[in-house]
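*Asks:* Numbered per my numbering, the sequence shown finishes at 428, counting up by one with no gaps.
Nothing false has been slipped in among the hints.
Pair ranges (Cβ atoms, derived):
{"#": "1", "residue 1": "225", "residue 2": "28", "range": "18 to 24 angstroms"}
{"#": "2", "residue 1": "144", "residue 2": "295", "range": "40 to 46 angstroms"}
{"#": "3", "residue 1": "232", "residue 2": "301", "range": "41 to 47 angstroms"}
Just so you know, these hints were derived from the structure itself, not from any lab. Glycine included, every Cβ here is placed at the ideal spot set by N, Cα and C.
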Amino acid sequence: MKQYQKLLLGFVLGIIVGLIGYYTLPEKSYPFMKTVTDLCTLTGAIFLKMIFMVVVPLLVSALMLGVYELGKGRNLGKVAAKSLMFTVALSVIAVMLAVTMTNIMQPGAGVEFDKEALAKNQGVISINKNVQLAQNKPWTTYITDLIPQNPIDSAARAFGGEIIAVMVFALMFGYAMSIVIKEEEHPLVRMLQSIFDISLKIIDWAMRLAPYGIFAIVFNTTYRMGAGFLTNVAYFAAVVVLSILIQQLVVYSAFLKIFARTNPWEFFKACKEAYIYAFSTASSNATLPIALETAEKTLKLPPKISRFVLTCGASANQNGSGLYEGVVLLFLAQVFGVNLSIEQQIIVVLTAVLGGIGTAGVPGGTLPIIAILCVNVGVPVEGLGLILGVDRFLDMCRTTLNVSGDLVIAKLVSANVTEEELNATGSVDC
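Using the sequences and the accompanying hints, generate a full structural model.
*Replies:* This is how it looks when you write it as structure tokens:
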């Protein structure tokens, strides 16, 4: 049985068993159910903590390497500059679209249950405490908190709301690396790559426990909430898919038409093989060879541009992931009754854009990033168990958008760089 099938099975069984318990074995009449829910809490906590413990090393190494790779392309001049410009623009639009759609459609609204009791059962001390800490900050504090006084101390306090400072430090450190480090196989680069790979291996181990963790979390949730939240989960998935379609069919189409004078439908048709492979594997990295072949043989893009943009984009241009992170954060905030201020929603946009750079281009790569971003706005991270059952399908959808975005940016850059500028560039390796 494939991993995503096991995840889906754990999700479905958690719902079925939880509903049976909800309607036939109430805790007040059957005290032994308290022991059952406690065991499920323990199982879910072990699964989540295995992910949490590598979030900081994964995020820091991914951001440093991503910015280092982008910074190495500064010798490409306008190719790198325009690639970065389009990447940032599309990423910001994607996350703003996610925030807007989630605010309008409110997929997490209307869930009726004892939120505080559920949160405590899932291992959260107090929702109200988290919300108060997150909402009592003045806007000036948000700005000063961007710069860490002690990066190591901020990393230790990452789950206390200081992850943004860690991300800013990683961005600055990665860019400084690209300026100082000249050789390709520098020990520091190899060390960061090893930390990243090791973190992914631990995440892989955690995902082997995921079917049991998902069953435990979903069982506890369903046992306490009943069937009401299932509609919200379906609505959440619909918001994600709709947002992805708008980004693909409206935003990407507009950029292709305006900045590349290209027929969007012909472009999308030419990329269909890369889209199918991205959807099937749910991995930007695994799709990279197909995307390169599509760019150079089908779209006839200059290799200097396609190789730079697509290689860097597989790690650094994850606006589908940023979009998903924005929807998840606001959905869970709505489920748990956390009213996010305008300042906090701006922070969501910024951190989701940065989180896109730090997202691993592998199946499930967004989950560690979402977990730590939740903390910064006072949203219980244990709520992630509510959406893990549908995450695989949504991962396939957002990976397709990620790969499409890479190809779109390669086309946009090639249409806005002259032959002289292209011939003047050096190495294209990212």
